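A.B. asks: With the hints as your guide, set chain Y with the ligands onto chain C.
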Amino acid sequence: MSTADIIKRCEALYEDLHFSASREWKAADPGRKVIGYMPVYVPVELIHAAGMLPLGIMGGGDQMEVIHGDAYYQSYICRIPRSTIELGIAKRLDFVDGMLFPSICDVIRNLSGMWKLMFPDTYVRYIDVPQNYKDDIGGLFYQQEMRELLEGLEELSGRKVSDDDLRNSIKVYNENRALIREIYKQRSAEPWKIPTAELYLLARAGMVLPVEEHSDMLREYLEAVAIEDKPKRDNCRVIINGSFCEQPPLNLIKSIEMSGCYIVDDDYIQVNRWLKEDVPTDINPFQALASAFLHHSADTAAKYAETEEDVGKQLLESIRENRAEGVIFAAPSFCDPALLWRPMLADKISEHNVPYISFKYAENSGQMAPIREQAGTFADSIKLWS
Amino acid sequence: MSNQAQTEVIKEPSMIMQKELIASNYDALTSSGETGKKVVSTFVPGNLNELIRCFDLVNNLPEINAINNGMRKKSGGMIMDAEKSGHSEDVCTYVKSDIGMMSQGNIAPNGKPMPRPDVLLLSYTGCYTFMKWFELLRHEYHCPTLMLQVPYQGDGKITRNMVEYVVKQLKEVVIPGLEEVSGVKFDIDRLREMMKRSAQAEDDLVWVLESAKHKPSPIDAYFGAVYYMGPIFTAFRGTQQAVDYYKVLRKEIQARIDKGQGPITPEGEQTDQRYRLVVEGPPNWTSFREFWKLFYDEGAVVVASTYSKVGGLYDQGFRHSPDNPLESLAEYCLGCYTNNNMPQRVDLIEQYMNEYEADGFLTNSIKSCNSFAAGELLMMREIEKRTGKPGAFIETDLVDPRYFSHANVKNRLESYFQMIEQRRGGSKPIAA
Ligand code: SF4
Ligand code: SF4
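Heads up: the sequence lines are chains C and Y, in that order. Anchor point for the first sequence: position 316 equals 316 in this note's numbering, and the numbering is continuous, going up by one each time. Anchor point for the second sequence: position 91 equals 1091 in this note's numbering, and the numbering is continuous, going up by one each time.
Excised from the complex, chain C in its bound form (with noise of 0.2 Å):
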């Protein structure tokens, strides 16, 4: 299969905003349960252990009309809730058994209550995530949390999971993960060949296809990929950062990389490369999970920064790894955690002189004009004094 029949299929799955491929996952046994997430990470894990396919929910895009969802909340609120309550009330959710609502916000967070008001028969559970990062402190209540969670899904589903179970979940998500990271470092290497806009695609995919059929499509890009060319621009290379909840539409990427940027890394989706390195499967599982998020998982304004100098560290790195040679803050419009976070990073890359643009968004925005002129313009600068 070439790149194109693959990002097809990828992009016939986003824009399947009835879920279709996960409703035919779940239609094929009755047994089967479905449990929806939201961003920015769930230790998706513990659903795939329990037999379950963990959903991700980004939103409605810029496809839907929101017509309820509106009525939940005032003007100044991000729109990512808005749209997926409109999901909800429209019952392109109703195949979903248990929604799963991360501490990333208030938001979020005041979602996860609204869901149990509004849809009282599904299993609904906050996921608090350790903002302390010491083992026998954060670590040891974030798997009790993990603990409790899976003691939902078991409820759920009718059925135990072991701990053998829950190391081969985690070999399977290693794998992914894996895979992942290896597209992130093509792309950085030869951005030409990986436009965002597929890479973004394929991991939208990894949203509603079982992680198994995912690497595969992973593999099979990877393979694609390397026999395929693709011609190289003059762009210059760019860092995308604020964008870890609510999506952009995906024109919005395409509209950067048209306008002189080759995109070198991003905080689109995260859960597939939240945790940074592999989860190792010899120790008890939930210690595993733990452990790797509370020392190998990417940094994002929803975590707290432990020290001063901790702040924007992470994308210092991926700065210099990636010779970066701009960062573009693309944040939510009234996004609290990205936009409180973003003086602190403009602060840190500016005293490595490492120039930036900011501007919001939201996952319906239309239009594209003034996004592609500010990169433009930015992009410009970045090859006129570089």
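Worth flagging that the hints you see were computed from the coordinates, not collected in a lab. Predicted model, so just to flag it, every value in this text is computed and none were measured. Check the hints yourself; a few may be wrong.
As a list, the in silico DSSO-like pairs of lysine-lysine whose alpha-carbon atoms are at most 27 Å apart [stated by the list, open to error]:
| # | chain 1 | residue 1 | chain 2 | residue 2 |
| --- | --- | --- | --- | --- |
| 1 | Y | K1185 | C | K348 |
| 2 | Y | K1385 | C | K134 |
| 3 | C | K91 | C | K185 |
| 4 | C | K134 | Y | K1157 |
| 5 | Y | K1157 | C | K160 |
| 6 | Y | K1385 | C | K91 |
| 7 | Y | K1389 | Y | K1293 |
| 8 | C | K134 | Y | K1084 |
| 9 | C | K134 | Y | K1171 |
| 10 | Y | K1084 | C | K360 |
| 11 | C | K313 | Y | K1084 |
Computed footprint of chain Y on chain C; a stretch qualifies when at least three of its residues, placed anywhere within it, have a C-beta under 8 Å from a C-beta of chain Y [stated by the list, open to error]:
| # | stretch |
| --- | --- |
| 12 | 144-152 |
| 13 | 185-196 |
| 14 | 332-341 |
Ideal Cβ positions, reconstructed from N, Cα and C, are used throughout, including at glycine.
C.D. replies: Same frame as chain C, but now just chain Y with the ligands:
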């Protein structure tokens, strides 16, 4: 001012005491350079005032500074300064007011400069923004930061795991950290003593808030309550001064009940109480008096509010307990209003609507505050459904004057009161 008794407004002793207490904390802060006292900055909800006092630290609460700046109409300029220096117009205005205050010399209400904090105690309870706020302050001050993560009651209950986690952080992070900054050894008996006093003050505070069940209500449980909350939610919980203040306050309110009197507003006693309301959400501070006036002029009295529970749900039974001081502090932090999940918040408001025999439920939705605001429209519909009483929704901001539209709020409130009248089956009486 037809609804108010035309008497001269006399300040009651509790009002003077309250003012003096808050001022004394500012004096303690601004004189810390001379006294050698160390300063801790921390947040109101779930604050650890008793513990802080065990280390002889002076407690600085940036939210209170923002409120002060809001009420003195200084916050608008501060927010604009912060926005000019790169802070987004979309984020919490308390944060921007604080940052703008720093850039304008960090002047306390007593006209003297505030000290730099020696430590930031980030008690992360009920609001995500707190975390980034103190990261921003640390970015400025480069001082030590102690993080106390308080898990959210996602399932509407406090679990063993949550309590153990908080206690462990207290023992292994917060207490050793405060010992180091202050040079004072932790003495658990000192903590117990303070918690005993906390509970005494809390008993009286609950009595005060519940006095609104009387008809007429002797207090306004929103606009008036923000003054009552002052000492206990800030730097005085655990002190004898707080115990004394609430005793005096209680006595005064008892006297008002005995005489069948209403609350004291900035323009005198409120005699007209046609509408008993429950209010959700913080008030607007930049036009606080004008905002309150829109209520008492129309004969509306607030009988219960959720904002008066941000520093603890004492009316639901919680008391600081000297028997298990650290567990008790943990339960306190875990139990604050904004750390409750949405179904709990709806249940609480429904309870207030019934117990306080309210005529309606009003939400003051705050642009700044996702912790409160996200989900409030659903809450309002749930309350209406459960109680059959009408709800209303207004939108303002805490300390950003650009988001307080007097005309809009006035129109909204007036039509709301008419709606309450209609639901009662009569038309609105012409104001006396
Ligand atoms: S976009 Fe930002 S504010 Fe909105 S739900 Fe996501 S993290 Fe929260
Ligand atoms: S978001 Fe709300 S609770 Fe949080 S700091 Fe701002 S006003 Fe306070």
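A.B. asks: Now look at each hint and say whether the structure bears it out.
C.D. replies: We went through each hint and held it up to the structure:
1. K1185(Y) with K348(C): violated (37 Å)
2. K1385(Y) with K134(C): Roughly 46 Å separates the two Cα atoms, so the pair is violated.
3. K91(C) with K185(C): violated (39 Å)
4. K134(C) with K1157(Y): This hinted pair holds, its Cα atoms lying about 25 Å apart.
5. K1157(Y) with K160(C): With a Cα-Cα distance of about 25 Å, the restraint between K1157(Y) and K160(C) holds, given a limit of 27 Å.
6. K1385(Y) with K91(C): Roughly 22 Å between the alpha carbons, so the hint for K1385(Y) and K91(C) holds.
7. K1389(Y) with K1293(Y): holds (23 Å)
8. K134(C) with K1084(Y): violated (38 Å)
9. K134(C) with K1171(Y): holds (13 Å)
10. K1084(Y) with K360(C): Judged against 27 Å, a Cα distance of about 17 Å means the pair holds.
11. K313(C) with K1084(Y): The given pair, whose Cα atoms are some 26 Å apart, holds under the 27 Å limit.
12. 144-152: Since three or more residues must qualify, the claim that chain Y covers the stretch 144-152 of chain C holds, with 3 doing so at under 8 Å.
13. 185-196: violated (count 0)
14. 332-341: Holds: 8 residues of the stretch 332-341 of chain C have a Cβ under 8 Å from chain Y.
When the structure is compared with the earlier hints, violations turn up for hints 1, 2, 3, 8 and 13 and for no others.
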